[in-house]
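Protein chains in written order, with this note's numbering: chain D, 724 to 844; chain L, 592 to 753.
Calculated directly from the structure, the hints in this document are not laboratory data. It is possible that some hints are incorrect.
Said to hold, decoys possible - Label-pair distances were calculated between CB atoms; the ranges are: (1) P729(L) x A758(D): 48 to 58 Å; (2) E772(D) x P686(L): 21 to 31 Å; (3) H659(L) x L743(D): 51 to 61 Å; (4) R731(D) x D599(L): 34 to 44 Å.
Unchecked claim - If we take Cβ atoms under 7 Å as the criterion, some of the chain D residues that face chain L in the derived model are: (5) R793; (6) E813; (7) A817; (8) E818.
In this text, all values refer to a predicted model and were calculated from it rather than measured experimentally. Quick reminder that beta carbons are idealized off the backbone N, C-alpha and C, glycines included.
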Amino acid sequence: MAMISVDREHGLLNVEFQGLDKLWTFRSRLEIPLAHVRGATHDPGMAREPKGIRVGGTHVPGVITAGRFRRDGERLFWDVKNPDKAVVVELADAETYDRLVIEVDDPRATVALIEQSVRRA
Amino acid sequence: MGRPRTFDTDRAVESAAALFATHGYEGTSVDDLVTATGVHRGSLYKVFGSKRGLHLTALRSHLDHEIHPTTDAIATLTDPEQALTTAIASYDNGPAAGLLLLAAAERAPHDPEVAALVAEGIAALEDALRPSHGDAAPQLASTVLGARLRLRASRPTVSKEH
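Excised from the complex, chain D in its bound form (with noise of 0.2 Å):
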């Protein structure tokens, strides 16, 4: 589980990964520019599909996804035990990831929270 928040006045997206989720995922927060930021979905049957490569992180395979993985030449990072609260974000191409998958308290208030944060093109 982890805490997303938006600080506006610096402009940033902060993922606060809580509790043993620092150990599984080898962080304790990403902080991403909101202008790198193009979305964010409640997405339960993405947890279904396949993880690809393993970076660096922790994978029991209906357990638990967390930290790094490679798939299909995309950067993914995972915190997720409980795919009927993953949340989506995607990134722009110039983020260390492609896209995160991060699991949250509220999912609907997340999702508002970032899309109301997102510019559109």
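Given the structure of chain D, go ahead and fit chain L onto it with the hints provided.
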């Protein structure tokens, strides 16, 4: 980086629009969109950013390819009766019939960008009825929207998915 885009964006938007028009925004999952468009999940995210991004694109496309051509045609009619029946029969119709009406009811109250697109569609209808109905055009536009809603409610479509 990533998979090169190998799908027809316009066709994917068309399929998504039809799906949103049938099941609503909340009722359409990313799984549904992946199945209906035949496009990989990763590619959908890459091109549209999010499910909301795809919905906004679908609504924009519905306005450009369905609503505006229809209202342009209605605007050429000067006979009040004919303009009204044509509007009731053809407004917000086509392969994604009802997409505008559904977006108005479901999404516009929570989403300013959807609200703006819905307002554009309704303004187009009002303008189209002005040559035939003059100052009564806004009232007649409401009649058309109400009639479309009643038509939708009285003609349940059998699910075609499974």
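Comparing the hints with the structure gives:
1. Between P729(L) and A758(D) the C-beta distance comes to about 40 Å, which lies outside the given range of 48 to 58 Å.
2. Separated by about 29 Å at the C-beta atoms, E772(D) and P686(L) satisfy the suggested range of 21 to 31 Å.
3. One distance hint, 51 to 61 Å for the beta-carbon pair H659(L) and L743(D), holds here, with the actual separation near 54 Å.
4. The hinted window of 34 to 44 Å between R731(D) and D599(L) holds, with their beta carbons roughly 38 Å apart.
5. Look at R793(D): its Cβ only gets to about 11 Å from chain L, farther than 7 Å, so that hint breaks.
6. A cut of 7 Å between beta carbons decides the hint on E813(D): the least distance to chain L is about 5 Å, and the hint holds.
7. Nearest Cβ of chain L to the Cβ of A817(D): about 10 Å, over the 7 Å cut. The hint is violated.
8. Residue-level restraint check for E818(D) is violated (minimum Cβ-Cβ distance to chain L is 10 Å; threshold 7 Å).
The structure does not agree with the numbered hints 1, 5, 7 and 8 stated previously, though it agrees with the rest.
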